[in-house]
Amino acid sequence: MITIDPETVPDAVEAAPAAISSEDLHRRLGLTDDELAAITDRLERAPNDLELAMFSVMWSEHCSYKSSRALLRTLPTAGEDVLAGPGENAGVVRIGDGLAVAFKLESHNHPSAVEPFQGAATGVGGILRDVVAMGARPIALLDPLKFGWPDDEPTRRLVRGVVGGIGSYGNCVGVPTVGGELLFDPTYTDNPLVNVMCVGLVAENGLAHAIATTPGNLAVLFGSPTGRDGIGGASVLASANFGQGSAEMRPSVQIGDPFAGKLLIEASLELVERGLVEGLQDLGAAGLTCAVSEMADRGGTGMRIELEAVPRREPDMAPFEVMISESQERMLAVVSPENVSAVQEVCRRWGLPSAVVGRVTDDTDVTVVDNGVEIARVPAKALASQSIEVERIASPPQRRRAAPAPGEVAMAHDGLPERGMDPGAVLESLIGHANLGSRAWVTTQYDQTVGTDTIEGCDHGAAVLRIKGTRMALVMATDSQPSVAMHDPALAAALAVAECTRNVAVTGARPLAITNCLNFGDPGNSEAFWQLSESVRGMSDACRALGVPITGGNVSLYNESPLGRIAPTAQIGVLGLLDDLELLMRPQFRNEGDLVVLLGEAGPGMAGSAYERLAGAAPEDRPPSIDLGREASLQKLLQRAAGDKLLNSAQDVSGGGLAVAIAECAIWGGLGADLTLAVAMSPAVALFGESPTRAVVSIAPERWNELARLAASMRIACRRLGTVGGDRVHIRLVGVGATGAAEARGAGVADEVDVPLSELHKAWTMALPRALGVEGIA
Amino acid sequence: MKVGVVVFPGSNCDRDALHGARLAGAQAELLWHEDTDLHGADAVILPGGFAYGDYLRAGAIARFSPIMGAVREHAARGGLLLGICNGFQVLTEAGLLPGALRRNTTLRFEHRWVRLAVERRDMPFTRGIPEGVTLRLPIAHGEGSYYLPDDDLDALEAAGQVAFRYAAPEGNPNGSARDIAGVTDATGRICGLMPHPERAAEAILGSDDGLLLLRSMVESAARVEALA
Amino acid sequence: MNSYRFSVAIMPREGILDPQGKAVEAALPQLGASSVHAVRVGRRIELTVDAGSPTEAREVVEKLAADFLSNPLIERWAIEEPEAVPA
Amino acid sequence: MNSYRFSVAIMPREGILDPQGKAVEAALPQLGASSVHAVRVGRRIELTVDAGSPTEAREVVEKLAADFLSNPLIERWAIEEPEAVPA
Ligand SMILES: Nc1ncnc2c1ncn2[C@@H]1O[C@H](COP(=O)(O)OP(=O)(O)O)[C@@H](O)[C@H]1O
Ligand SMILES: [Mg+2]
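The listed protein sequences derive, respectively, from chains P, W, H and Y.
Number 464 in our numbering belongs to position 464 of the first sequence; there are no gaps in the numbering.
Just remember that our numbering sits 778 ahead of the position in the second sequence, which is counted from 1.
Just remember that our numbering sits 1006 ahead of the position in the third sequence, which is counted from 1.
Just remember that our numbering sits 1093 ahead of the position in the fourth sequence, which is counted from 1.
Honestly, the hints are just simulated from the structure, not real lab data.
Some clues are possibly wrong.
Interface residues of chain W toward chain H, partial, derived using beta-carbon atoms under 7 angstroms [stated by the list, open to error]:
1) Y833
2) L834
3) I839
4) F842
5) P927
Taking lysine-lysine and the BS3-like style, the derived pairs with C-alpha atoms no more than 25 angstroms apart in a straight line are [unchecked claim]:
6) W:K780 <-> P:K468
7) H:K1069 <-> Y:K1115
8) P:K645 <-> P:K762
9) P:K66 <-> P:K381
Keep in mind that this is a model prediction, so the values were computed, not measured.
We put the CB at the ideal spot given by N, CA and C, even for glycine.
Work out the full structure, taking the sequences as your base and the hints as a guide.
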């Protein structure tokens, strides 16, 4: 399929035959016959080539959300503190003291698959500009990344390239990268996921909007000159116009220019602060066409573009190239005539070219004029809010349960003692697993402290940034559950929302709002679309139950490679607020002799867990389920306990289960623990199960009654496990599932975990370097 | 006592340096790179960042910027001049400090917390740092590997111009010659270092060791002002 | 078996943005070198090949330049005369 | 007034450790190119000068190469024949 959606076929250039016949031009531009009909219908005439090009980019999945818009309408987006929700460049929530936070997740998956370094770098640039377009100063980046297993050179190349690209851009513009995710799973081979979340700070009354309301105002394009970047499949037009071979001259790989990006951020923020602009919009996908039509459409106005006024990087650019170019580091401002000189002076001071390229009109059309000749006229809404929608069919997969092989114990949610494993050895291999070990090899390549606000950066749970001049701190986290999604996308999306908000809650903070990035396969495939719609359902249910609105996000479809479709990936990003930084709760053990307490209780279901990946799946097993009501209570409990200064540390139970959570508290705190764990079902479930709604906290012994009472009042199980101290992690297993099973087995396998802290620390530190085949980063 | 923080278009630690200087008790103000005077600053900081993109060579372009004329005069008058990270790179490119900062031998951008041994405590920038105290500061750079030919290094050490060295436990993060993290000119009034004192000026940020250095600078400058 | 010294020039493709060249060019006026323009910044790699013959050696370098040293998506490469190596 | 195209080669000085060159060399065996050694990685800058004569133009480039494009402490530079520009 030829499409000019850069998210689907970034290098479709090669795929495009040179000569084309005009009657199927639309198909070569990725438009269906129905879509052409719909265009003709909206125009009340047939489009010309330029208009067709504009429609083809605006009606691409990436810009029009034609397959997902109906689903996105079902999201819970209301909230009293929400100042801007889906539909804006980024969501914005009020945090008090006259301040607000703009934040959003965006994907750059396919460009990164083609050119990892530049793809990731331009992805960072793009999401930064979305936040800047709201008038907010970017203060943090988080980068959830997914790759195939890193045991082959191509995948390692992708990892190095993507990480290098993200660092190169974020480090240069001076926005700290304080969190994210790094997950390896075979389904991402050749189709890595590069999602980036940006968080920005803005005065409540200083918000900017991407809107053109006043006819007669002027459109000022500023930033890098326009070249033939990212024109991709639309080059069929070029080859049509310029003949054979010229398509080869249209590179679709975009190069990031972080220095220009930094200048653009400063200039844009100065323009907004000084009240010099009526509207501000970044140029992303579909370039000028998208910016112009969206701003006009939002304002119920029109926009007349004088093409020859657009500053160019290259000679002989065709009109369509100028209109759809995705050259990076550009913004469009709508400015009243008397402010134009001031605006251009700001741009000059920041060393940025700027030009008046158009005017807001009182018709509602986007008009393109080239040297006095009108060469395109399209209703703005036809390109933007009233672009086409496609109804997709969703059908669940036929689950063919493999019958247990003769003689095989098909016992659900178990594995450990029966497989004769030493739980200590399992813990070591889990904590040393590429998906669970230290991320230092990656995160030391990111500037985490620029801005002098980073309280917690990467590596220790949620990211925490203080806000200068206030007592407040922002707490941010990202999460996803692709391996559970392989079994149940709706459950996985709900689990991801729960875990992500829990990561915020354990610090004592209150989740304010959620952003997300929906990474899925070809929506034309009914199973892929089912995965998407199920994920949206699960995500919405969880957000409603936890009372957290969704304020923005992004959808990335066609994430497939010759090896197949990626695991359904609903990437979640949460913004939380801690009213008083003094009350910040951290995960690591603090004092010898503190009590270690487990809040919540383990449930069955090992499917999708890290342990399953290690020990193999039990055929009949399912993923753990979640009780969202109880999750909400646990999170309240954690906030209350932190607020009452009951706790000395708090860590949520997630990947690798309880044992890994405890090991992390110990490794990060440099203190061991001596614990006893009552096993209800099986040691595997108790130690390594990833059922949600649990946290490990440590408290001063004399606070036990208080905590127990508080937990009881919120109906959350609260059990003493033992005490902090020593240089080993020692977990004795007692109860039916443990000793019972062991006796039945009669084997000498220890029913206890007993590992020196130093060994755990080594395994944790070396996990990534080992997996990537690079030297260790101490 | 006033500290001026130079803002090149690609500076990204300018506001951090301003914040740090104020925490150290100074008045502080930003100085735009197109300006040609220092607005009466008693001490000048060239902050971290990527002055003019620094794609060619860190600091290579900045040394030609308009403000650098005033910075040179300030230095020539014996005014205090501190280059942090990119600021250090600019000072070496401008010939105001000896040596060059090459790509980290790890070939990676390195963000880590390091420990600095303070080689001399009788200089304006280190005066207030107690004996036996090492500084815990973050680094964040891709080109911080200090280089100078061996003979020149001997001379530099003999002249006592090595101000800071990377020390245990973390050690040398970027392959710098003789673990050098920061140097001064012959007078000790111009200082450059790769680590970021302004990012370690408050306990809640993980360390306030950087404040010792910034305070030393502010107090030394104040002293000069008093004499004048 | 002889040793042959080559140098490989790797430059950004035409039409591909070259931020380095752009930044250098923007600085030139400050240096009073405004008569200079169209700046492109690339890499130069010098290497020595042990081979039986110049052609054999050149083949090794060509393969290396195409498959490893350059990124064909955004860069072009050319092998240069050993003479061009700076002292 | 004519335009003259030049290319400037900037290489790490001999005797100075070149980590990039080392990294390339380290990768060569896996690429089956172990006959390659003594790799040095530098920069190549192409630019156009408007000047009255070739010599005049060359002087501009020499000054630029010496004062700006290279750092004499760690790098050497050489001006190359325009012919050497890759297609
Ligand atoms: N999964 C999602 N959940 C909520 N909002 C979404 C989602 N995907 C896209 N949106 C919203 O749709 C709008 C258009 O998204 P996008 O095209 O990515 O904006 P931009 O072009 O500014 O990056 C944005 O307001 C975005 O927040
Ligand atoms: Mg946008």
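Consistency of the hints with the structure:
1. With a cut of 7 angstroms, the hint placing W:Y833 at the interface with chain H holds, because the nearest CB-to-CB distance is about 4 angstroms.
2. With a cut of 7 angstroms, the hint placing W:L834 at the interface with chain H holds, because the nearest CB-to-CB distance is about 6 angstroms.
3. Because the smallest distance between the Cβ of W:I839 and any Cβ of chain H comes to about 4 angstroms, under 7 angstroms, the interface hint for this residue holds.
4. Because the closest C-beta pair between W:F842 and chain H is about 5 angstroms apart, less than 7 angstroms, the hint holds.
5. With a cut of 7 angstroms, the hint placing W:P927 at the interface with chain H is violated, because the nearest CB-to-CB distance is about 18 angstroms.
6. Between the alpha carbons of W:K780 and P:K468 the distance comes to roughly 22 angstroms, so the proposed pair stays at or under 25 angstroms and holds.
7. For a cut-off of 25 angstroms, the pair hint linking H:K1069 to Y:K1115 stands: about 19 angstroms separates their Cα positions.
8. The suggested pairing of P:K645 with P:K762 is violated, with an alpha-carbon distance near 33 angstroms, which exceeds 25 angstroms.
9. This hinted pair checks out: P:K66 and P:K381 have alpha carbons roughly 14 angstroms apart, not beyond 25 angstroms.
Taken one by one, the earlier hints fail for this structure at numbers 5, 8, listed in ascending order.
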